[in-house]
Amino acid sequence: MPIPCPHFKITIVKRSQGQSAVAGAAYQSGERLFSEYDQKTKFYNKKKELVHAEIMLPSHAPPGFADRATLWNAVEAVENQWNSQLARRIVLAFPVEVPKEQYLSMIKEFCQEQFVSKGMIADCAIHDKGDGNPHAHILLTLRAMDEHGRWLPKARKVYDLDENGEHIRLPSGNWKCHKENTVDWNEQKYAEVWRHSWETITNRYLEAAGRPERVDLRSFERQGIQQIPTVHLGPAAHQMEKRGVETFLGNRNRDIRAANSLMQSIRSAIRGLQRWIADLNEKKQLLLDALEKAKEPTLPDLLVDYFNLRNEQRSDWSGKAKLKCTVRDFEEVKRAVDYLKAHSLNTIEDLNQAIDRLNQTAAPLRRQLKQNENRMRAIAQIKDAAAVHAKLKPIHDTFIKKNFKLTKDAYAAQHKDELESFNKAVRTLMKLNGRTAVDFSALDAEFSALQSSSAELRTQLETLQPDISALKNIRKYIDMVLNKQQLSAPGGKTPEKESVLKKAGRSQGSADHKENGNEKSHTGALRREQHDLHPSPDRQSQCGGSGKISPGTGRNAGAQWKRIPLESPRQPDRLRKQMVSAQPEQGRLAGGFRDRVLRQVLPRSGADADRRAGRSPAGG
3 MPIPCPHFKI TIVKRSQGQS AVAGAAYQSG ERLFSEYDQK TKFYNKKKEL VHAEIMLPSH
63 APPGFADRAT LWNAVEAVEN QWNSQLARRI VLAFPVEVPK EQYLSMIKEF CQEQFVSKGM
123 IADCAIHDKG DGNPHAHILL TLRAMDEHGR WLPKARKVYD LDENGEHIRL PSGNWKCHKE
183 NTVDWNEQKY AEVWRHSWET ITNRYLEAAG RPERVDLRSF ERQGIQQIPT VHLGPAAHQM
243 EKRGVETFLG NRNRDIRAAN SLMQSIRSAI RGLQRWIADL NEKKQLLLDA LEKAKEPTLP
303 DLLVDYFNLR NEQRSDWSGK AKLKCTVRDF EEVKRAVDYL KAHSLNTIED LNQAIDRLNQ
363 TAAPLRRQLK QNENRMRAIA QIKDAAAVHA KLKPIHDTFI KKNFKLTKDA YAAQHKDELE
423 SFNKAVRTLM KLNGRTAVDF SALDAEFSAL QSSSAELRTQ LETLQPDISA LKNIRKYIDM
483 VLNKQQLSAP GGKTPEKESV LKKAGRSQGS ADHKENGNEK SHTGALRREQ HDLHPSPDRQ
543 SQCGGSGKIS PGTGRNAGAQ WKRIPLESPR QPDRLRKQMV SAQPEQGRLA GGFRDRVLRQ
603 VLPRSGADAD RRAGRSPAGG
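Numbering (the working numbering), first residue to last: 3 to 622.
Among the clues, some could well be false.
As a list, the in silico DSS-like pairs of lysine-lysine whose alpha-carbon atoms are at most 30 Å apart [as the list claims (entries may be wrong)]:
| hint | residue 1 | residue 2 |
| --- | --- | --- |
| 1 | 48 | 244 |
| 2 | 102 | 244 |
| 3 | 395 | 410 |
| 4 | 385 | 433 |
| 5 | 191 | 159 |
Computed Cβ-Cβ distance ranges for the label pairs, DEER-style [as the list claims (entries may be wrong)]:
| hint | residue 1 | residue 2 | range |
| --- | --- | --- | --- |
| 6 | 232 | 13 | 14 to 20 Å |
| 7 | 79 | 166 | 41 to 47 Å |
| 8 | 329 | 373 | 42 to 48 Å |
| 9 | 313 | 373 | 30 to 36 Å |
Hints listed in this document are in silico derivations from the structure and should not be mistaken for laboratory results. Note that the Cβ used here is the ideal one computed from N, Cα and C, for glycine as well.
Produce the complete structure using the sequences and hints provided.
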């Protein structure tokens, strides 16, 4: 909890302003002191408010300086100029939250750490009249002393040198020089250091006293507080203000407080308006989100639309076929709706997230399965190559032993196939095994472990099959509804499709061939659209949805869908990439129905696994 910045003032006692170090010491100590400089007695009665007064000496200072009159008369004696700076005065306030008995330890710790340890003599006194303003006066010497207790000069003359290290003579005939301080006590940086030190000590004592308050002696500007600081009244103006007499400084402080109050009220009003605007924007965004969510079709609604669409497509069917397929469609839609309810899937975005989670679960399994199969295939190749290597090595060794070129060439021509097979086996072994020697027992053990791991991975993938089948069916139903809605919209049409082979041929042919290809592609697309909307009796009898769904948009404008056959993983990678790039760019709703994702999580069929196992050494 911050508290108002306590008083901390640093001034210099100057003879040019009629000030006296002896008078300053007499004021803060309440003692009667005789000033040898002006031959006057200095006395200010401070018995009612004086709590403690003490002189703290560094180790090399004369013990006689513990006497206040001796000390400050010695200071004024060594300062023989009319405008000499005699001492440094610091007045600081104690926090009333700290117990009074701890004030002495606070001020002694502060003086010892910052002044006495640096070689200064500190004359400190604590004042407290009981009016809630406890404070301390500190009077510091400005000259350093040597080890014998003699005053040192404040500054010394230093001659300037040129680049050759020679003295520089001025036009007046004198040598160029400058003044350097013997100590750095007068540097401005120490004011900040002393203020921060007192702040640290005060906060430490506040914490020890169990108080939550903390002080900060930085300016309002450095603290980031937008407030005008008041001015110090001084004792005279303070007493006049207490008697009800208005002063210039008092009026200035009142104007400053009025301005601060006005600025505070303005800032409070602005913050209130900002909070109101933020709250209004938040409510506006919630309303917009609610409206947007209300516009977006839910998955059960789309499934109902699918069921109605299928009934419309069977309007001209016979009663028996219509009833049979309607019942089947009802059961399929019911299973889909039950799946959505069981998994809390209500919107297309929810469905998209479910597919992503399914992919995140299956992708590591598929990657590991692929790695296992690649390694099993490599082991099979290693063992085959090792068998060929062992079988043909005698022929190769005989070839190497031939020393004459004619006989060696004749032998090579006679066993050309064997030598080529041997060299191929060597290359295979070096590539896959790193050497020609093969440890068959280790390979067999590794192959068996890989087989067990692959079987476990396939089992885990098979557990995902029900979710995959449900998502595939839901995607198929929603695709059909959205395609129908696009065709029914004013000016809506299905974006034309073009086969990859036709596209490649069109890119390599002439301009005329390009035109013909486009015409055929467009015609084929229109025929497919009509075929999907009006299925033939053969397709109607299957009671299933359309096998291929052309891209389209649904209730949300701009949403586009792409469909890639699930058998596409068996096609070459280059062909699959071309097929994906040939599809229209999908919109926001298409993200949840990417066949690529579903294709990735599909486990391999049993036949495919058997074929792969048949090629392996263990399966043979």
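Results of checking the hints against the structure:
no., hint, in the structure
1, 48 x 244, "holds, 20 Å"
2, 102 x 244, "holds, 25 Å"
3, 395 x 410, "holds, 16 Å"
4, 385 x 433, "holds, 13 Å"
5, 191 x 159, "holds, 23 Å"
6, 232 x 13: 14 to 20 Å, "holds, 18 Å"
7, 79 x 166: 41 to 47 Å, "holds, 43 Å"
8, 329 x 373: 42 to 48 Å, "holds, 46 Å"
9, 313 x 373: 30 to 36 Å, "violated, 49 Å"
In terms of the numbered hints stated before, the structure departs from hint 9 and from no other.
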